[in-house]
Amino acid sequence: MVEDASLLAIFLKRLLRTFMRESVFANCESDFVVAAIKKKKRLDGRLFEELRNIELHFGSDYGCAYVTLGETKVLAQVSCELSEPRNARKNEGNIFVNVEINDMVCGVFETGHQSHLGIHTNRLIEKCIKDSRCVDLEALCIISEEQAWEIRVDVSVLNYDGNLFTCCSLAALAALAHFRTPHVTIENSEIRVESIKEHEPEPLSLHHYPILVAFAIFGEGHDILLDPTELEEKVCESELIIGMNSFRELCGMHFSGRTTGNRLLIVKAAQQAALVAGDLVKLLKSKLEKDNEERKKNRGKTDGLVTAIHLDRILSASQDRNSLRVTMREIEESARSLFVGHSAPVTGKDSDDDQDLESDGKESENDETEVAYSKDKRLGIQLPPMEKMAFGEKWIPSGNKNAWTLPNATLSDASDDEVDYVKTITDEDRIIDKIDLNDSEEEQDTVMLEAQELK
Amino acid sequence: MEIDEENFVGWPGRPLKCEINVLSKPEGSSMFAQGNTVVMASLFGPHEIKHGKIQTDESVAFQTNYKTKVGPPSNEAKSQEDLIKTACESVLFPKNFARHEVTLVVQEFQNAGGILSCAINAGCLAMINSGIEMQYLVVAVTACINTDGEVIVDPNEAQLKVARMALDVAFDTVSYNIIMANGQGTCNPKEYKHLLSKCREAARILTEYFRSIVKKYSVVLHIHLVTVILNMNK
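Keeping their order, the protein sequence lines are chains A and B.
In terms of UniProt numbering, the first sequence has 116 at position 116, counting the first letter as 1, and numbering is strictly consecutive.
In terms of UniProt numbering, the second sequence has 195 at position 195, counting the first letter as 1, and numbering is strictly consecutive.
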């Protein structure tokens, strides 16, 4: 009975989660995460000091950047207008940061007002970019006490899956670095703004490139997780956000939660943050350079965000959006034991590493048969790029028969295609990858036998 | 689905590019590009209406949120939002989700002309992706008449600027009736008819494109499922 009741409670919580947008996590779910972290494991198979897959695209408009960090996706746009400088600082322009989170996306039921997360992110980015004086505000001034540029950074959050801080700050910084103000000429103290077509616009001058790096802290300050997901953020004991630039200088810090952080924790995290910030700035600069080159070739024009659309990627119904990564083999085995009746015991992945080695060797053998799509640990299922042909008639991934359009397509028909699932890469594989499997020929023989037996 | 303009059969406009299911939070999402105009649409719901918003009628509440990249929405954005709403609202079966609401969020990514039709198309794809029951699809086409009296379907920014008349029309895909139309400029009724018929032709091709997208995604899902089942049977 007790078990039933707890199951019911979990079910109700899940139901609640599907009906309300607010992400509610079951107690057992959070316990599981904490227990896994105690064993130095994360649900998505990352190391503690590993970022999720990061992508950065620039738009065709100046000052537009689209950043994805795992499932967290953000679009930033910088704009400028002429205005009178503030009284306190008469020879400086101004910068204004606005982070907008749709209440649907981060799922907090607060009508009218900006959500807590929105304000929090906004303030941290302000700290990181505005208060660290990374933009040269004096250069924005055109005529002292009269006219100066006011820069506005609009960051809109498209999808939320933890670590909004890194994603937003990178987007905002990238947009600022990409942005150009129109050229201004002054004649008899009259300001004339030249159009972008007539006169090459001027980039903003940035003193340094600060980026926020977020950590989730578990185990009373012992486990520091870089780039937490939404679940990890909700479960963690405390959060630590460090603003760092590529010169390893601290530009903002925030610490909150239940644990009392000790000095070592902060120092350790800051050192990690410096490395991450360095990498991200490197990425930003290389992308910026690419964009510049393309603009030089095409007279200042690019396709921009059109390139952000990936045609060879399918995420739906793939394992990718499950927070827990189970390998196909494990699903298969447990499913087989359910269907057939005699239960084949599912071997635990962690318990027997040697067996893993063998079976993974077998799997990679199977991979060499014709495969219609591949599966990447981070990007989900990937198709080969579509063939260039008239659409509508034969729109199929190259390399495979289209079983979808055939009305009488049966399973046995499809089996002729010899499509096999591709190896799912787990965190164990990374260790395994380093080990050369090719020299064990005996194992390859057993694979052949087994395959025949099964047919 | 990357299509060169030369290899492009049928569609008279700019190259199309699309990815669906790009976001994890919304029920359905799509990123759609017509030429250099890029839009992302995400559909949330149906979910229960929040307090204070409960309506007296029994039909589903459809909300649209069109977001420009810069600042608070301008009047133009508000009017575009209404037009997107009219086009996409008609698709749903209203009685099915009484006292529930559906929200369509359309985010402007890049505007190089014809963003309204691009937004409606993206919205439709997001709805397809969410799996919500639909009466028909909605496809939108932008076309213009230039100063020489020629009709250009899906014009780019430069062509739109010098156009005498520009028209955004949304059609349903069953009888290709007009759901929404929005025009700017002047032309005589005969030219208008010609323009409409051109749009309608293009809409038919666009429907095929939508189908091919759905097919593309389902082919892989199908293979994926078949392999899982096959491997179970072994």
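It is possible that part of the hints are untrue.
Stated by the list, open to error - Once the Cα atoms are required to be at most 20 Å apart in a straight line, the calculated PhoX-like pairs of lysine-lysine come out as:
| no. | chain 1 | residue 1 | chain 2 | residue 2 |
| --- | --- | --- | --- | --- |
| 1 | A | Lys38 | A | Lys197 |
| 2 | A | Lys290 | A | Lys301 |
| 3 | A | Lys38 | A | Lys287 |
| 4 | A | Lys197 | B | Lys161 |
| 5 | A | Lys287 | A | Lys301 |
| 6 | B | Lys161 | A | Lys301 |
Keep in mind the hints are simulated off the structure, nothing from the lab.
Here's how the hints hold up against the structure:
no., hint, in the structure
1, Lys38/A <-> Lys197/A, "violated (58 Å)"
2, Lys290/A <-> Lys301/A, "holds (13 Å)"
3, Lys38/A <-> Lys287/A, "violated (37 Å)"
4, Lys197/A <-> Lys161/B, "holds (15 Å)"
5, Lys287/A <-> Lys301/A, "holds (15 Å)"
6, Lys161/B <-> Lys301/A, "holds (18 Å)"
Taken one by one, the earlier hints fail for this structure at numbers 1 and 3, listed in ascending order.
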